[in-house]
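Going down the list, the sequences are from chains A and B. If you read the first sequence in the numbering used here, its first letter stands for residue 1, the second for the next number, and so on. If you read the second sequence in the numbering used here, its first letter stands for residue 1001, the second for the next number, and so on.
Misleading hints may appear alongside valid ones.
To be verified - Selected chain B positions facing chain A (in silico; Cβ < 8 Å):
| hint | residue |
| --- | --- |
| 1 | V1007 |
| 2 | I1042 |
| 3 | N1044 |
| 4 | H1046 |
| 5 | S1049 |
| 6 | G1053 |
| 7 | T1057 |
| 8 | H1070 |
| 9 | W1072 |
| 10 | F1077 |
| 11 | A1079 |
| 12 | Q1089 |
| 13 | V1096 |
What the hints assert, rightly or not - Taking lysine to any residue and the SDA-like style, the derived pairs with C-alpha atoms no more than 25 Å apart in a straight line are:
| hint | chain 1 | residue 1 | chain 2 | residue 2 |
| --- | --- | --- | --- | --- |
| 14 | A | K18 | A | G53 |
| 15 | B | K1020 | A | R92 |
| 16 | A | K18 | B | G1086 |
| 17 | A | K20 | B | Q1107 |
| 18 | B | K1018 | A | K20 |
| 19 | A | K18 | A | E112 |
| 20 | A | K18 | B | L1043 |
| 21 | A | K20 | B | S1115 |
| 22 | A | K18 | B | V1007 |
| 23 | A | K20 | B | L1043 |
| 24 | B | K1018 | A | R92 |
| 25 | B | K1020 | A | G76 |
| 26 | B | K1020 | A | V96 |
| 27 | B | K1018 | A | G76 |
| 28 | A | K18 | B | A1005 |
| 29 | A | K20 | A | E112 |
| 30 | A | K18 | A | V96 |
| 31 | B | K1020 | A | N44 |
| 32 | B | K1020 | A | S115 |
| 33 | B | K1018 | A | V7 |
| 34 | A | K18 | A | R92 |
| 35 | B | K1018 | A | G53 |
| 36 | B | K1020 | A | L43 |
| 37 | B | K1018 | A | Q102 |
| 38 | A | K20 | B | E1112 |
| 39 | A | K20 | B | A1024 |
| 40 | A | K20 | B | K1020 |
Simulated from the structure, these hints should not be mistaken for lab results. Positions of the beta carbon are idealized from the N, C-alpha and C atoms, including for glycine.
There are 2 protein chains.
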Amino acid sequence: MHQPAGVHLLADLYGIAKEKLTQATVIETLLRQSATAAGAHILNSHFHSFGSGQGITGVVMLAESHISIHTWPEFGFAAADIFMCGQAQPLRALEVIRQALQPTSCQVQNIERGSVTHSDVAAT
Amino acid sequence: MHQPAGVHLLADLYGIAKEKLTQATVIETLLRQSATAAGAHILNSHFHSFGSGQGITGVVMLAESHISIHTWPEFGFAAADIFMCGQAQPLRALEVIRQALQPTSCQVQNIERGSVTHSDVAAT
Chain A
1 MHQPAGVHLL ADLYGIAKEK LTQATVIETL LRQSATAAGA HILNSHFHSF GSGQGITGVV
61 MLAESHISIH TWPEFGFAAA DIFMCGQAQP LRALEVIRQA LQPTSCQVQN IERGSVTHSD
121 VAAT
Chain B
1001 MHQPAGVHLL ADLYGIAKEK LTQATVIETL LRQSATAAGA HILNSHFHSF GSGQGITGVV
1061 MLAESHISIH TWPEFGFAAA DIFMCGQAQP LRALEVIRQA LQPTSCQVQN IERGSVTHSD
1121 VAAT
């Protein structure tokens, strides 16, 4: 287990060819490759298909946190999250995913997690 | 499968009693309860313990996307994500988690996902 401070990338990927978003085993392999490219350590992975030609949902659980993806082939859309603590490089994982899925556009939010000390955060 | 537009809550929870963050089965039950409270539909769940007294990492996969959690008992810290598309109510899930873990402080980011049309997003 790593220090809690980490980076969480939320990537909304648009304009993807439908056939790239429907095969759970293909996307599972892709996300595992992306984790390795980032230098992360895979614990396990779990993928679910909503049916032939339909979307998939899946997660790769990491010692550094997780990578998840949810796809909507009917919209050419995928929502990917890459959350990595420690020394792993989440942008490298995102690049592997983008290269494979070839979205026409991509909206990425880069969010720091767990980086504040307790005294920095007002009680809510 | 639901429409891609959804809400993703990123909750950094600080000041949690260590013993609340170490038992994978307890936290798995909690996250499944939180999903049900939100009106989401559970596909499956997977939790991993890093060892006795250490942190856990886990995910509940939903028809509406996912809930994940990563805990660091040594820092009294948990990072939870609640990503739900469709009609589910992610804030209700967060409230169940907060009630159970009793953090002294909580930093929540509420992020819209997949809500723009393709033409709204510049190619990158």
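A quick look at each hint next to the structure:
no.: 1; hint: V1007; verdict: 12 Å, violated
no.: 2; hint: I1042; verdict: 11 Å, violated
no.: 3; hint: N1044; verdict: 7 Å, holds
no.: 4; hint: H1046; verdict: 5 Å, holds
no.: 5; hint: S1049; verdict: 10 Å, violated
no.: 6; hint: G1053; verdict: 11 Å, violated
no.: 7; hint: T1057; verdict: 6 Å, holds
no.: 8; hint: H1070; verdict: 5 Å, holds
no.: 9; hint: W1072; verdict: 5 Å, holds
no.: 10; hint: F1077; verdict: 5 Å, holds
no.: 11; hint: A1079; verdict: 5 Å, holds
no.: 12; hint: Q1089; verdict: 18 Å, violated
no.: 13; hint: V1096; verdict: 16 Å, violated
no.: 14; hint: A:K18 <-> A:G53; verdict: 8 Å, holds
no.: 15; hint: B:K1020 <-> A:R92; verdict: 34 Å, violated
no.: 16; hint: A:K18 <-> B:G1086; verdict: 21 Å, holds
no.: 17; hint: A:K20 <-> B:Q1107; verdict: 36 Å, violated
no.: 18; hint: B:K1018 <-> A:K20; verdict: 43 Å, violated
no.: 19; hint: A:K18 <-> A:E112; verdict: 32 Å, violated
no.: 20; hint: A:K18 <-> B:L1043; verdict: 23 Å, holds
no.: 21; hint: A:K20 <-> B:S1115; verdict: 21 Å, holds
no.: 22; hint: A:K18 <-> B:V1007; verdict: 23 Å, holds
no.: 23; hint: A:K20 <-> B:L1043; verdict: 22 Å, holds
no.: 24; hint: B:K1018 <-> A:R92; verdict: 33 Å, violated
no.: 25; hint: B:K1020 <-> A:G76; verdict: 41 Å, violated
no.: 26; hint: B:K1020 <-> A:V96; verdict: 36 Å, violated
no.: 27; hint: B:K1018 <-> A:G76; verdict: 43 Å, violated
no.: 28; hint: A:K18 <-> B:A1005; verdict: 18 Å, holds
no.: 29; hint: A:K20 <-> A:E112; verdict: 30 Å, violated
no.: 30; hint: A:K18 <-> A:V96; verdict: 18 Å, holds
no.: 31; hint: B:K1020 <-> A:N44; verdict: 24 Å, holds
no.: 32; hint: B:K1020 <-> A:S115; verdict: 21 Å, holds
no.: 33; hint: B:K1018 <-> A:V7; verdict: 23 Å, holds
no.: 34; hint: A:K18 <-> A:R92; verdict: 24 Å, holds
no.: 35; hint: B:K1018 <-> A:G53; verdict: 45 Å, violated
no.: 36; hint: B:K1020 <-> A:L43; verdict: 22 Å, holds
no.: 37; hint: B:K1018 <-> A:Q102; verdict: 43 Å, violated
no.: 38; hint: A:K20 <-> B:E1112; verdict: 24 Å, holds
no.: 39; hint: A:K20 <-> B:A1024; verdict: 34 Å, violated
no.: 40; hint: A:K20 <-> B:K1020; verdict: 41 Å, violated
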